[in-house]
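S.K.: The lines below spell out each chain.
Number of protein chains: 4
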Amino acid sequence: MAHENFESVNKTPMKAKSAGASTKQDFLAHGQVKHIDVTKNPGIVAVVDGMRSMAFTARDLARAADITDKMLADTECGVILTLAGSLISAGLKKVFVDMVRNNMVDAIVSTGANIVDQDFFESLGFKHWVAEDKLKSGLFDGELREHALDRIYDTLIDEEELRICDDTTQQVFDAMEPGAHSSREFTRALGEHLDKSGGPKCADSLIYECYKRDVPIFCPAFSDCSAGFGLVAHAVARGDSPKVTWDGGKDFYELTQLKIKNPSTGLFMIGGGVPKNFTQDIVVCAEVLGHDAPMHKYAVQVTVADVRDGALSSSTLKEASSWGKVDTVYEQMVFSEATLAVPLIVGYAYHKGSWKQREAKRWATLLEPAMAGA
Amino acid sequence: MAHENFESVNKTPMKAKSAGASTKQDFLAHGQVKHIDVTKNPGIVAVVDGMRSMAFTARDLARAADITDKMLADTECGVILTLAGSLISAGLKKVFVDMVRNNMVDAIVSTGANIVDQDFFESLGFKHWVAEDKLKSGLFDGELREHALDRIYDTLIDEEELRICDDTTQQVFDAMEPGAHSSREFTRALGEHLDKSGGPKCADSLIYECYKRDVPIFCPAFSDCSAGFGLVAHAVARGDSPKVTWDGGKDFYELTQLKIKNPSTGLFMIGGGVPKNFTQDIVVCAEVLGHDAPMHKYAVQVTVADVRDGALSSSTLKEASSWGKVDTVYEQMVFSEATLAVPLIVGYAYHKGSWKQREAKRWATLLEPAMAGA
Amino acid sequence: MAHENFESVNKTPMKAKSAGASTKQDFLAHGQVKHIDVTKNPGIVAVVDGMRSMAFTARDLARAADITDKMLADTECGVILTLAGSLISAGLKKVFVDMVRNNMVDAIVSTGANIVDQDFFESLGFKHWVAEDKLKSGLFDGELREHALDRIYDTLIDEEELRICDDTTQQVFDAMEPGAHSSREFTRALGEHLDKSGGPKCADSLIYECYKRDVPIFCPAFSDCSAGFGLVAHAVARGDSPKVTWDGGKDFYELTQLKIKNPSTGLFMIGGGVPKNFTQDIVVCAEVLGHDAPMHKYAVQVTVADVRDGALSSSTLKEASSWGKVDTVYEQMVFSEATLAVPLIVGYAYHKGSWKQREAKRWATLLEPAMAGA
Amino acid sequence: MAHENFESVNKTPMKAKSAGASTKQDFLAHGQVKHIDVTKNPGIVAVVDGMRSMAFTARDLARAADITDKMLADTECGVILTLAGSLISAGLKKVFVDMVRNNMVDAIVSTGANIVDQDFFESLGFKHWVAEDKLKSGLFDGELREHALDRIYDTLIDEEELRICDDTTQQVFDAMEPGAHSSREFTRALGEHLDKSGGPKCADSLIYECYKRDVPIFCPAFSDCSAGFGLVAHAVARGDSPKVTWDGGKDFYELTQLKIKNPSTGLFMIGGGVPKNFTQDIVVCAEVLGHDAPMHKYAVQVTVADVRDGALSSSTLKEASSWGKVDTVYEQMVFSEATLAVPLIVGYAYHKGSWKQREAKRWATLLEPAMAGA
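If you read the sequences in order, they're chains A, B, C and D.
Just so it is clear: in the first sequence, position 188 is 289 by my numbering, and no numbers are missing.
Just so it is clear: in the second sequence, position 149 is 250 by my numbering, and no numbers are missing.
Just so it is clear: in the third sequence, position 64 is 165 by my numbering, and no numbers are missing.
Just so it is clear: in the fourth sequence, position 102 is 203 by my numbering, and no numbers are missing.
Just so you know, not all the hints are guaranteed correct.
Any copy will do: because identical chains look the same in the list, a pair fits if it lies in one copy or spans two.
For lysine-lysine, the following DSBU-like pairs were computed, each having C-alpha atoms within a straight-line distance of at most 30 Å [stated by the list, open to error]:
{"hint": "1", "residue 1": "K362", "residue 2": "K313"}
{"hint": "2", "residue 1": "K344", "residue 2": "K453"}
{"hint": "3", "residue 1": "K457", "residue 2": "K235"}
{"hint": "4", "residue 1": "K235", "residue 2": "K362"}
{"hint": "5", "residue 1": "K453", "residue 2": "K235"}
Don't read these hints as lab results, they were simulated from the structure.
Kindly produce the complete structure, drawing on both the sequences and the hints.
M.R.: See below:
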């Protein structure tokens, strides 16, 4: 990308025009989003057990919890967590961090927003804020904009802090070796940045924890997030000099390599979108590359997407089996908004403890030699 | 990406194991998906007019149609069409092709599946098939897999044909100049391939029509589709030799350049997902690059996604205004599955004819010089 | 019901406390709800024809239209229309009136609100009003209450007019022969009242049209609407004197009698709820009464209800077949909000014209003798 | 209703034609639905506490739990539980029974199916059965019908047992004093029948528990359930002799009387439908009867219904405030399927224990004198 006809990247926040700090504080007076800690809730096991012989979503959820536990007991199986939707900002961060800490997940495939705009953002010391109920109506969005506050349904973000997050990604990219990188390499670089900067400025950081434990994080639409601004700003600043670029094909290649090297895999999917599709597709990609990879053996998905529009987010796991992607023996969809179902399923699996037999697979280390030769 | 420890890319279809041709034909006996032609339905105008003073979705749809017409009458405004969900395979291809043919759209941002797996696939002469109703249950997916038939809810695809589509993308990529390219460049190369091969082998091809008319197509998650297989296969085949790579950051840069060069923009969004978010974000990206870009002036979205999970697909257009992305004067969400609402809205706008004052903006030509210097 | 400890029924509207007429007019300045007239839209046929070989909802809708047409061509078949949700206030009144006028429907089973609060209400000369978009947020509901305006999502009703509607039902009930009546008898009395008062004060009245054409209307939760207030007020005013009462069991008996006397039946269902369940149940009730009644032969339902909560509104028509209620050969659910799908389906059936071979079944006359002996 | 031209009510089950007992048992081999017991799950409190500062549904659910607890701490407030959807068959029976046992609810307004077809059915010793997952597809419904098995999404019912339930309601009605009765009187008679027959034949019976504790149960669409068959069969068997009839207007009168006698009220609503609307309407009915009744002070609703179709089930509690029905200070909707959210909310309120200060209001006793004079 050429520099073209502008002098420099704009660093000043553009939105905050009329906001006085006190009024902004009014909007932020309802407290911070706090992340649920399922490790402290052993009572979840009995609740889920009580749901197993009910009907509808309760029964589905209990079955999903059973499958998750079984997947973790299958120590050969590599577990891939896929994230779509605003999950970190919604208070699920510690759930995912605890999965990583306890070897319950071997790779993460996510929207960029969860990883960069939300987790890395909090790792820099910034917070998500509880929005007053009336803000959900959308009628105050013009006013929020005056105060440079961004809204995600019932949650607020300080746009100035988000711009700092954007800028920090650029700084990290500026410091990287020029060349084409996968999103996994970029997210690892962000984790390394936190490590070298004295660790994350919050209690739990997914990007940092994954860095420390060699759990790779892929963002197959990596430019569609805060990091996208960093990529563009980096490219513009570099002009015709060597620069880092995001090689999205490499993402697909690398994730497929993990499938090839650890053929037995299971999926824990929250929401659908690109992360779901991308991760399911590695079975076919392994096949294209000449490997007789088995379908994903376990698959759980929590979603509110409706099946009737034929979109991928809502497509059943059975449908995926027609494509040769997901086996149908241990699969379960749970129709629920994630903040409700995920703590119950993961909390159940955590307290059942089958993960205790698992060792860290440190999948990132499987990719490093290949990368060296790339 | 290194070649590693396998000899060559597997070209044989892997799935078809037991299928006899006759039985496969049984599954395909319910006919082909046919694309609706709204240009032949002037009666749509009266229908939509009759909905304007009703309530609920009918009123919303009529308002969306009015905004679409107004957006097209505003000849300064560049119109960006975003596509998520299986829309081409669902019979909406000709609607989009007619929008391109009649200067009703200046750029497209889409999931890769719509553009490559579905439109390019049909351009190669392949078809989508109507699935029998009972297949929706998912209980026949194992059998479909035996016949190498892939299912999208109520639609079938021949996996062997899809593998040919994958392979063709690789051939196109093999013939491209090595280096980092945006998805726009890749989709243009696919259109050029069709042109050089004697044109598309179907009546209407979106990728070809956009190529001929310089309408750029972006796929911000380009490796998450048939082209992803092509990218990986290309990279593996090239080994350490120079190769083409997809530079996802360049996508973001290029689309932002269009916003900078044609500041007045409007969005016609079908589904949400990465295309919606990515396109909304260019307002902020232009700002980051030092340009005082106005918010998208018009925005229509057709979706079944529910607002209550806070996910981006369902986030209201008002919410986007808190982020400084979408203006709130001319915005309308229509809660409907796309196959029902889109023909009515586009058909209305087509027969109202405000687009007749528009000239082709040929936005692809705005990017070529920049690319030359890239 | 005894009169107890109060003197008389309160006739004064209770809500309007602070409202000045001018401000109330501001809320009502966005015009009246207007009812779509599908008889003037022959273009609908081509639109629906164009959807038949698409996918998802478009294909389902075309199939539903085909089944509806086929049901009307089957002149033996009695057609029952069930209505749940705010449909009349939403602008679908003329669609239903035209169905009655053209012998496309032989009985109606509805929520009370559609028939009394909305259709009878409009028949008295009152109107439904278009609410400004921002009112959907709910943030102005307190203010609306100050002005005695009731809101149905995006539609407004003048509470004082609704109280007049309540009172009118009481006056009609006061004039009826004391005794236990089915809701069908009550709705007929309302139609007769309109007839004797010089006809409805609006262009199209469902309750009046049904009265004139002997199409019975059942409201199986009849006290759950404006008429409920009339029933209670009537009962209280009468004290220990003879009075009219609503005998809900008689509703079930009468509707079952129609099934027994005209065994071939088909359902056109909009929304679910009590009307759907109640109407499906008459097959079983006929069986209980010793008649070997066939299942409903045709069934179309338009709904946005989700199947995954197991509720009746969303239960599939296939599920109903396990109960012996609905045959599965000619059944189709259409996942759409009614204002969008119903004009297309009914408009298609209207212009296809199979109903022209049908004669009015005048089912109300089948029930009159039984009633005499009741 | 006259007897007409048939000899007697058909008592033989009509559906079971080809079923051998062994094959029927195959369908029933997946166990019985078991009811969750939240009283044994004190861990729910910590889970809900952990959700309070999250986002989306988790936060909404925690707020709903807080409001429920607050409503129970307000000892003046009468609590009305409304039930729509298949809740008892889904395993929520014990949740409601425990609410009744612990004075957490003062009246119930429900669809007839929950009370008669499901709770009374289980009280007679019958069971609901877990359906195998594949049955959800609907493709086995013909086969189920052959075995006289009825399906509710993922749950099975033995139709022969349901016919016995129908017949038992008739026997109870046969034994009642002829005349017009409210559904409350009918449900009380069903409870009395259980009491006189040696108590319910299952561990927990809602209808029995309410009978013993004078908690009135209203079914405002009472003929739309198993009891409807009993009503019709009773009427037919009685012919011209005096008989019992269901007076639906009396339901409305009685429930309004409770509002008048205990003006402070709160609602705990599961699903929407007639129970929701009917219960909200008593505020207006009290007003119509000359009483200045306050709006419902607390309101919680758990539903998956979508707001965008304007139907009552999904209408927001704010919207109800425009009608003067529900106050907006303590109201919360929770977007979740009931089996997931209800155990958490009620479990939270149970273990917080604010209900311990409440005394049984025994509202049924308030209605008995009025009834005597009716």
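S.K.: All hints are to be evaluated individually against the structure, with a verdict given for each.
M.R.: Here is what the structure says about each hint:
Taking the shortest Cα distances, K362 and K313 sit within 30 Å of each other inside one copy (21 Å), while across copies they are farther apart (44 Å). When the C-alpha separation of K344 and K453 is checked against a cutoff of 30 Å, the pair qualifies neither within a copy, at 48 Å, nor between copies, at 48 Å. Proximity of K457 and K235 under a CA criterion of 30 Å is satisfied in neither setting, with 44 Å inside one chain copy and 33 Å between copies. Taking CA atoms no more than 30 Å apart as the test, K235 paired with K362 passes in neither setting, with 51 Å inside one copy and 34 Å between copies.
In this assembly of identical chains, K453 and K235 lie within 30 Å of each other by CA distance solely across copies; the values are 28 Å between and 40 Å within a copy.
Of the numbered hints given earlier, the model fails hints 2, 3 and 4; all others are met.
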